[in-house]
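Chemist: Generate coordinates for the entire structure from the input sequences, incorporating the hints supplied.
There are 2 protein chains.
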Amino acid sequence: MTVYTATSLKAELNDRGWRLTPQREVILHVFQELPKGEHLSAEDLYHHLEAQGEGISLSTIYRTLKLMARMGILRELELGEGHKHYEINQPYPYHHHHLICVRCNKTIEFKNDSILKIGTKTAQKEGYHLLDCQLTIHAVCPSCQRALLPL
Amino acid sequence: MTVYTATSLKAELNDRGWRLTPQREVILHVFQELPKGEHLSAEDLYHHLEAQGEGISLSTIYRTLKLMARMGILRELELGEGHKHYEINQPYPYHHHHLICVRCNKTIEFKNDSILKIGTKTAQKEGYHLLDCQLTIHAVCPSCQRALLPL
DNA sequence: TTCCTATTAGAAAACATTTGCAATAAACCC
DNA sequence: GGGTTTATTGCAAATGTTTTCTAATAGGAA
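Note that the protein sequences, when read in sequence, are chains B and G.
Sequential numbering from 148 applies to the first sequence in the working numbering.
Sequential numbering from 148 applies to the second sequence in the working numbering.
Check the hints yourself; a few may be wrong.
Note that the list lumps identical chains together, so a pair holds whenever it fits in one copy or between two copies.
Stated by the list, open to error - Quick list of in silico lysine-lysine cross-link-like pairs, BS3-like style, CA-CA up to 30 angstroms: (1) K272 to K253; (2) K253 to K157; (3) K268 to K213; (4) K268 to K258.
No wet-lab data here; the hints were simulated from the structure.
Modeler: Right, here's the structure in full:
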């Protein structure tokens, strides 16, 4: 959970024999500028980029999102919508979690400092190198509780 | 996170105007008998049932898994394999979480009592009715750390 | 038992994501 | 800077998972 700049991203990519491309730089930038609490699907990102005149192909987007998630730059979120969402992976004061209604997918973010500590300790104990840790709560929101019937 | 029997499942389904079918009963039973720590994908379950002579169609399996997850009977796990996995949702002493290697998908289960408490408190505070809460840790396992290069 | 309608199986469709390939262009070396 | 190597891109096609449609079936309530 480091904070990345184009330069540090390039350094880390090159270290592994990979390359910093304009596409990767642009995508990193989009996520860095994204308002706190927003997250994008691959399709969202595709349209976002198209709209701002920097068209990047969907396959490159998919490849880049996966790459950046595996590097720990992005968090991959499963919010129950049938496709993944991504957001920048930020350290301590911004680190947060999601409470999701299983019926309407309404999602609330919340923070809790002890979770990151637990995740760090657990990964360390097993010798894993931590990239991200997220508590996902599946629940039924107040309005869906009232609308009892529909699944 | 209640413990279900065929009878209590029937009661809860009927309450909502739904039905207990042999298929639903069989599927519940499979998950109840599953060794602790195992989880099944839709396809896994399909073949498991086929093998034991109780063929159930894939579409019914998908519908039932979704239904039971939304009822809180099953937990839906995203273990990075491109499809969901399911396991029975059990209360306190069996409640656990997953540490996943983002490269090879090797998964380790771990327990931590405070997480469920945090989840319960958070859901309650927002007026949500809790179904499940899982901490997912994404990390790189020791052997994938050594094999530095491949993404 | 009868009726109503939720549920099923099977096939087809929809959707998200990955892959193959030829063209392009970063990074490294001189 | 120019040349070489090969990672990366875009596009199209393929893959894999999950959902949806429909007619037939069978739970549940009276």
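Chemist: Any hints from earlier that this structure breaks? Give me their numbers in increasing order, please.
Modeler: As far as the earlier hints go, not one is violated by this structure.
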